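2 protein chains.
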Amino acid sequence: MNTNRNLQLLFDRPSEPVFTTKGNENVVFDVPAHYLTDRYQTFGQSLSNRYGENASEHIPVKSVQSVNLGEIEQLSRYDAFSIFVPKHRRLACALVDIFLGCTDTDNLISTSLYCKDRVNPAMYNYALSIAMLHRPDTRNVPVPTLIQTFPDRFINSAVFSQAREEAQLVSPELRSPIVIPRDFTASDLDEEHRVAYWREDIGNNLHHWHWHLVYPFESNTRAIVAKDRRGELFYYMHEQILARYNFERLANQLARVKQYNNFREPVKEGYFPKLQTILASRGWTPRQENMMIQDLDRPVDEIRMTVSDFEIYIRRIYDAIHSGMVMDRNGGTIVLDEIRGIDVLGDLIEASMLSVNPDYYGNVHNFGHLFLGYIHDPEGKYLERPGIMADPATDLRDPIFFRWHAFIDEMFQDYKATIPRYTRGLLNNPDIRLTDVVVNTEGGSPNVFDTFWMQSDLDLSRGLDFVERGGIFVRHTHLNHSPFTYNITVNNTGPAKMGTVRIYLSPKFDERGLPWQFREHRLMFIEMDKFFTQLQPGNNNIVRRSDESSVTIPYERTFRNLETGRDATDADSFNFCGCGHPQHLLVPRGTPSGMACQLFVMVSNYELDKVEQSLEGSCADAASYCGIKDKLYPDRRSMGYPFDRFPPDNVGTLEDFMTPNMIAKDVTIRFSDRTVLNPRNTTNVPPQT
Amino acid sequence: MNTNRNLQLLFDRPSEPVFTTKGNENVVFDVPAHYLTDRYQTFGQSLSNRYGENASEHIPVKSVQSVNLGEIEQLSRYDAFSIFVPKHRRLACALVDIFLGCTDTDNLISTSLYCKDRVNPAMYNYALSIAMLHRPDTRNVPVPTLIQTFPDRFINSAVFSQAREEAQLVSPELRSPIVIPRDFTASDLDEEHRVAYWREDIGNNLHHWHWHLVYPFESNTRAIVAKDRRGELFYYMHEQILARYNFERLANQLARVKQYNNFREPVKEGYFPKLQTILASRGWTPRQENMMIQDLDRPVDEIRMTVSDFEIYIRRIYDAIHSGMVMDRNGGTIVLDEIRGIDVLGDLIEASMLSVNPDYYGNVHNFGHLFLGYIHDPEGKYLERPGIMADPATDLRDPIFFRWHAFIDEMFQDYKATIPRYTRGLLNNPDIRLTDVVVNTEGGSPNVFDTFWMQSDLDLSRGLDFVERGGIFVRHTHLNHSPFTYNITVNNTGPAKMGTVRIYLSPKFDERGLPWQFREHRLMFIEMDKFFTQLQPGNNNIVRRSDESSVTIPYERTFRNLETGRDATDADSFNFCGCGHPQHLLVPRGTPSGMACQLFVMVSNYELDKVEQSLEGSCADAASYCGIKDKLYPDRRSMGYPFDRFPPDNVGTLEDFMTPNMIAKDVTIRFSDRTVLNPRNTTNVPPQT
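Taken in sequence, the protein lines are chains A and B. So for the first sequence, our numbering puts the first residue at 187; every next one is plus one. So for the second sequence, our numbering puts the first residue at 187; every next one is plus one.
If you are wondering where the hints come from, they were derived from the structure by calculation, not from laboratory data. Note that the structure is predicted; figures quoted are calculated from it, not measured. Don't be surprised by glycine CBs; every beta carbon is placed ideally from N, CA and C. Errors might be hidden in some of the hints.
Said to hold, decoys possible - Chain A stretches covered by chain B per the calculated footprint, using a threshold of three residues with CB under 8 Å from any CB of chain B:
no., segment
1, 369 to 379
2, 405 to 411
3, 460 to 472
4, 658 to 671
Next up, chain A with everything else stripped away, as it sits in the complex (with noise of 0.2 Å):
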């Protein structure tokens, strides 16, 4: 018995009842009678009679007595499902501890059959995820990304009247990928459209929701949140999509994102996401021009805050950060210094459950999503679901998460301002020398990025509801590039030792044309890659594909499964791997007359950098922005190293900063505007704009 692929196949479909087919092979779970709804008590059997004769498989499921859900049932099917809900959280947390709780993976299976018609589907679907990720039995076990589950949260909404003609009226071999445009969130009138396919990539929102599927900021168990130096991956995490995302502006034209922190006024950009519900035909509510945020008070959801209080939150981190400690639960002082202040600070302002004292700094950053996600109706006046503020799932897509997100990172800023700079001994490493970088692009010119759109097809059908089976493929335009190396070469004066290489990335001139400084120019570092190597003694030329790189995840693990609906095989395992940039965002989109950029590599000092354990088994594809499961991170260094400090005085631009050990490239990307079929598609339709 397959048991991973039955654990996959939970997700299947999410809101149709147990008793139907699930998967492409057509197999049905063989449920018991009293696992069926009340809808379905009186006829059901006939039912899921109908579906066995045609079934090709029969999974047998060993009855459980029905589960006590309790509480967790509130929550309709029907209705938005949020983890910034407090409510909605501690059902979620309810019905994790039930799917934690269960005895074997049998048990598992047959309990959480017993749970999906009764449970909301985006609920199940997190909680399921969430355990699958945390018990041992089924922790290599791939979680299906949100996208083969929920198409809804990623793809135009218009595409899916247009699935439903083609699974009605096309059989399964003659049908043809639904094209989504790139443009269909709005037109180059609005200004921050420019960047929407940055925004709006379906990869870089998965990366979002799987980041945060990984690190759940509460759980009734407490070691499912706390993993090491999660705080200070929230910081970098986020850190590096606002440079990321700032990267994108300076190649459009546009600044760099303004923060949001005054409260009292309008939030001049609106954003109309035209995504839908498929389960409730509700459409995600588009936020206009100019709207304000409101004091909340929506009782049903046990959401009640006023702007006057959030403030008053922000204000006592503020005070925490610029008196460099923070007050625990008993009054007493926690210093927040230079190697783990950091860490205790992002659990504070997040805020997770590992906050040191929720009670006195709020939970600032998850109610900065709450009050924007529920801007539109914040009393439930309207009895309006929540905005895509409100959804890791779909917040990205959103100008507003930006310049949220920008005053977050502030505050972290403003805790790095007080902690001690670099000295060059931590920077330097010695005896090591760099000589030479250049970056080879594969049928392009030297240190020239080249990066295009390309349009490749997903596979949509098992988050289909009520449907015709077979294939429904839609074809998404993304950004990607032509694959590279670097060809990086050191010098090492000394013995054969180890070192680890980090490349970053970033503009070279801000949105005036003019060369940074060094404080603003430290923020606009991307991190490309990280890893070590072994340094000869003497000349070492070390080359480095760009499909290595620490940051990102293959094409095929943001997608898998959904390129021709094919189940998952054991490639695809460890769940950790499907948290990363997407590899076809590794470079930013560039300009087409060639940007300006500088790619500064570093070999540090293995000693300082190392961490000793065992990465056997592991996948660690992209730990820089991921970590790795049950593992310490893997750098001892800041995260954010050499960049993420403030420099000395003295240090006014990057060439400043540099030691022997440091070397910075100029580099161009360049994007040519012409769109190519991703090769991996099964159809084979051209490409259309």
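With chain A held as given, fit chain B onto it using these hints.
Then chain B, alone, in the frame of chain A:
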């Protein structure tokens, strides 16, 4: 061959291709291969055969050559169609011309089948409806009500995902109605929501849609627009909608609606319709609170209008009203006289193509709808569809509709203030004295109207594309009242003669709880009935049933073909009969403790009322609000007589106004908050709240 039925099948499942089975009996049109669109050219024939094999009946279709649709195809099938958008109107008029130009009914069926999959389905529905209403060979074929084809304009979108589950899983005989909650658009926190049951009533919205279908404001065929007293009826029908709305407001402790007349001020009311288009899988954009109309510039829709210009047009209309004359196209003047003035003004303000000077007076009413309909995206920046204010099938749901029309009505009332007051001679009826009127309610007390909630089932399956066949029922809740009779006693001291009985109802007190001044009171009278009667010498006892009202159509006509999914019968004929206030809303809701009202009855002088014409074979069911097809409006008096004009200075109250041929009686509307099932429902699920 059942031509009527075949015509109606053209409306069935609006976005399914022509070759799928239509209607509940699974008939197919045998269309020639070249009717199929490019999408289905390669494999459509085999699909067509597949549907053909399962069909119970084949309708032969005379092949026509390809129709040259020209720019009609420019409006995408997935775009919103709005009759208020000038470009859409032009395309629709061109399509109407194609349908009007068909040589005979067979040719019309064949031509429209060719067009069906090539043009925007909402435009197709509109154009075919208009053409059928006005072609000699089809004028008596009932046009299906819009809810049958586009239920998504009337029904909470959440229903549709449940409907798909029902259709896919449950065999037709086991299906139960999906209950639409009465309060689905807002909570009690929203004061305006108190009257949502009336604004969102399906029959009320169907009436408004149907009225605008019978009275289009533009066509290439002038006769389609130039109906008797069209401009005046535009004024009167909307004035009555307002009076009825204000009646409901007073019953719900809300003040009368405030005009929307300051366009530089935010619209404080928000409205979240919770509707979505099935075809495009897109929600109708809500209007958040405190939005302000802005200059419109949407080149693709050929809309360009500044708020300043809009204000200039409005000022000119006021110039005309207060000076008593309109400037025509040649600079000449047309006096706004007592008889024709209101009609000239109605066409001018709306504006219909009959406007005497559209260049000078603009298109004020229609552009008000556009400004408000595009308030969220006036420049198309966000590629948003219009809001519900841009569609006559949906706009009545929105509180701003009434504020806008209160402003429009104010213009008409300003004109009415300029014309002579009614003399007693114009009000009185020689020899006639009304001595009593009693309302007898079935099972109730005398002079007490009895209102309550009713739940009725509707079959939406013909509007649900790409789902399994068979009825899909929804259960909606609407106001209703117990049947009653008016028992009127009239004393005639002269010879036998005809008289016109005019029955109105108004609240007895204003929102302050004070008795009315007549000049305001007159605007609060809702027409309940109007009929001619023979008056014998001496006492006459006139008994009139509530279901004979001249403003309503019966429940079964409002929802024709929707109860059991049956096809139309000859009894449903005459399309003007589809126009009319729904019978179930004849009586306002009233209050649980009994709302104090005044019933006003007048028997006016038939010699001054009568219009010489034969009404044989005409349907005059709701003639007061809808006129009679191809006939003169059946009342020579100004519409709204005797309340349409300002009173003489010596008339302070209704009592002062009365002549012997009038009577005013204190009556009560008692609302009972109970829900009963419509006895016409075919499913026997108990009522739900």
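Hint by hint, here is what the structure shows:
For the segment 369 to 379 of chain A, the stated coverage by chain B holds: 7 residues have a C-beta nearer than 8 Å to a C-beta of that chain, and at least 3 were required. Judged by the Cβ-Cβ criterion of 8 Å, the segment 405 to 411 of chain A is not covered by chain B as claimed, because only 0 of its residues qualify and three are needed. Given as covered by chain B, the segment 460 to 472 of chain A passes the check, having 10 residues with a CB less than 8 Å from a CB of that chain where 3 are the minimum. Check on the segment 658 to 671 of chain A: 0 of its residues sit with their Cβ under 8 Å from a Cβ of chain B, so the three-residue criterion for coverage is violated.
Violated hints for the displayed structure, listed by number in ascending order: 2 and 4.
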